[in-house]
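Asks: Please model the entire structure based on the sequences and the hints provided.
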Amino acid sequence: MVEKIKNYFITNYLGISTGFSLFLFIFIIPQLFEDSDLIISLIRGIIFSIVVGYLVYKFLLFRKNNPNFVPSESKLVVDAGGSLVAIIVGLLFGLLLMLLVNPGQAFYGFSIILRGGLNRNFKSLGDMIFFSVPIILTGLSVAFAFRTGLFNIGATGQLTMGAFAAVYIGVEWGALGDIHPLLHWGTALFFAMIAGGLFGAIPGLLKAYRNVNEVVASIMLNYVAMYLNTMLIVAYIYNRDYARALDIKETAVTPIMNLDLIFPGSAINGGIVVAVIVVIILHIILNKTTFGYELKAVGFNRNASKYAGMNSKRNIVYAMMISGAVAGLAGGLMFLVAGKHLKPENILIPEGFTGIAISLLGLSSPIGVLLAGLFYGSLQQGGYYLQLLNFTPEIIDIIIAVIIYASALGLVLQKFVKMMLKRKFLEKEDGEPQDLTIEGSDK
Amino acid sequence: MDIDTLYFIIPLVIASTVPLALVALGALFSERSGVINIALEGIMLMGAFIGAIVIYYLEPTGMSDVMIAFFGLLVGAIIGMLFSVLHAFAAVNMRANQIISATALNMFAPAFAIFIARTFFGTQRVPISRTYRISSVPILGDIPFIGDLFFQGAYLSSLLGIIIFVVAVLILYKTKQGLRLRSCGENPQAADSLGINIYKIRYAGVMTSGALAGMGGVIFVLSFSTSFNATVSGFGFLALAVLIFGNWKPGRIIMAALFFGFMRVISSTTAVIPFLNDLGLDDEIYLMLPYLATLIVLAFVSKNSAAPRAAGEPYDPGKR
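Quick mapping for you: the protein sequence lines, in order, are chains A and B.
Just so you know, we're using numbering that gives the first Met the number 0 here: the first sequence kicks off at 0 and counts up by one.
Just so you know, we're using numbering that gives the first Met the number 0 here: the second sequence kicks off at 0 and counts up by one.
Incorrect hints may appear among the rest.
Claimed, not checked - Distance condition first, Cα-Cα at most 30 Å in a straight line; then the derived DSS-like pairs of lysine-lysine:
{"no.": "1", "chain 1": "A", "residue 1": "63", "chain 2": "A", "residue 2": "423"}
{"no.": "2", "chain 1": "B", "residue 1": "199", "chain 2": "A", "residue 2": "414"}
{"no.": "3", "chain 1": "B", "residue 1": "318", "chain 2": "A", "residue 2": "417"}
Calculated directly from the structure, the hints in this document are not laboratory data.
Replies: Here it is, written out as structure tokens:
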């Protein structure tokens, strides 16, 4: 009886109560320390508690429905554990470097990195989300290609082309804004996707029809895009006085979508909404549609999928096109911001390469990429606040590089995680022999 | 094109050809041993960074130019070798995805250079005050016309680079070790059956490529700028293009490097060359051309490619 009540409570109420306590935490604490608006605190308190409460509820429900769940046998848990270990290794390396360089402030600086987007309440959280949008999208771009067996190292080039298309339309097609402001912004984003998609299709076509390695082709195309971008800016939308592209029209600026109510004073805009929509769309394409299944099948084994009647060449081109379009979208959202300008500098935009890291950490699943992107945004935000001390923000890039390197050694990490999980599980088994009988009777 | 322009251009072309050819040769070593190394950009940068620091500290000691350049190259090579061990470890021992581990190194190098330089120098620039050009190479510089063109006012680092290039090619194609290395990139299983230690050879291949790339980085700094500013301007990736354009053969690599180097030089000198100035093309067209040419080569000539067959695959003794 007691057991039943306990179970019932745990699954149904613990989630809600966690959410509620978090609500109090987020609602009341800013009220005490910050002179923020009552309504604003209320809105964000509700949103955050619903999200967290739902996640806790889902987790507990899962535990209840799968009592025999063995963590060390689950691919997801082991892979995610590998990512986690890689992150810890990267962070520890960062700490070590900080200790070597400036031992006095190392631990304080490290705590700033860890707090990341939570350093300054909701302003920094909003900034963190704003900065993570392009990274989430390039991460999605790389991840999508990766799931279909392709390595899109050319997200940078596709992003650059998308950015140019978006800025060009933002500058030149102001007439669209007179009809409806969203039409102008939407068109700019649409063409950013087209530009990125077409540019991504090139390595796809080369791979499908000429059997050219897409990694090498993409690297070459990154530089082509970089120089092309400089040429096009100077030819069409150049602001000679400031050596940058012209300002985009106001109607082309990404709308804020009232998100400033939740994150007052921050740079956040509607980009995150677009990014979340793309996450959902790609998740559905990959996991719920025949098209996505075919793409993945071609990735697993090109010959087998061809034998099964799939058009593998067409699928490779499509996969690269979608991947490129998402990267192009990232470029559009990055530069459809007031006060941000494309420059004819001949520098590769680094967000494209960061996408590779994010895709790896997110295990190439759209939802994982969303989380990993936010994590990266948080680290970057931490690096920004780190400048208050005598540290250079590049420490964040170093940490990220070490994380990628560590996750490249994934096999070892996963073995390690598996071992740790097994040890924990077996110890528990020894202590409570009842578990075994339950396991047996269930089967 | 009159003779003065030629005098002006040729040393510049040589200056950019040498690091390109050297780094591409490094990539060749790595790929012939069976490991794809796209971390060259990062390795070059790392070598250039530490090399520049060493040169920065040696300059006030009053050492001769030759010795400083030599020490700079040596340090660059050692650093490049050490840094590339990370890639070798991931690719050979851990059977990791070679593109991913190389990407990590490429991200790490610039961030590390900026972080260390800013922390210890206050700025991310490492200044170099001497120019490291020699007025005339003994004997060769006295040859009429050719001597003026190629051996006077040349960069010291270019000459050292050419010597190293020749030695490296001889090692790869004329020694037993070179043959072993090449066999590992074609058919590691067969090589293994003949008693060659694949892991050892692949380490050697990657580390040689690291040493050459590190040296290339130092040469890049010595010939192009008066300071090192946390970049090697994409030369590492360009060297990869050189390797492909040169169809994985040293002779053709030199031709490809010359072509790419030439394109880079004329892109920055269109204003002073009347013929090109009249054409009125954007500088970027010349910069883009090498990459486009490589893509076209990849698309149309890949059937006859001499690329090592096992490059990029982790060694699996059980495979046939």
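Asks: Determine for every hint whether it applies to the structure shown.
Replies: Hints and how they fare:
1. A/63 - A/423: Measuring from Cα to Cα gives roughly 19 Å; hence the hint holds.
2. B/199 - A/414: holds, 25 Å
3. B/318 - A/417: holds, 27 Å
Checked against the numbered hints given earlier, this structure breaks none of them.
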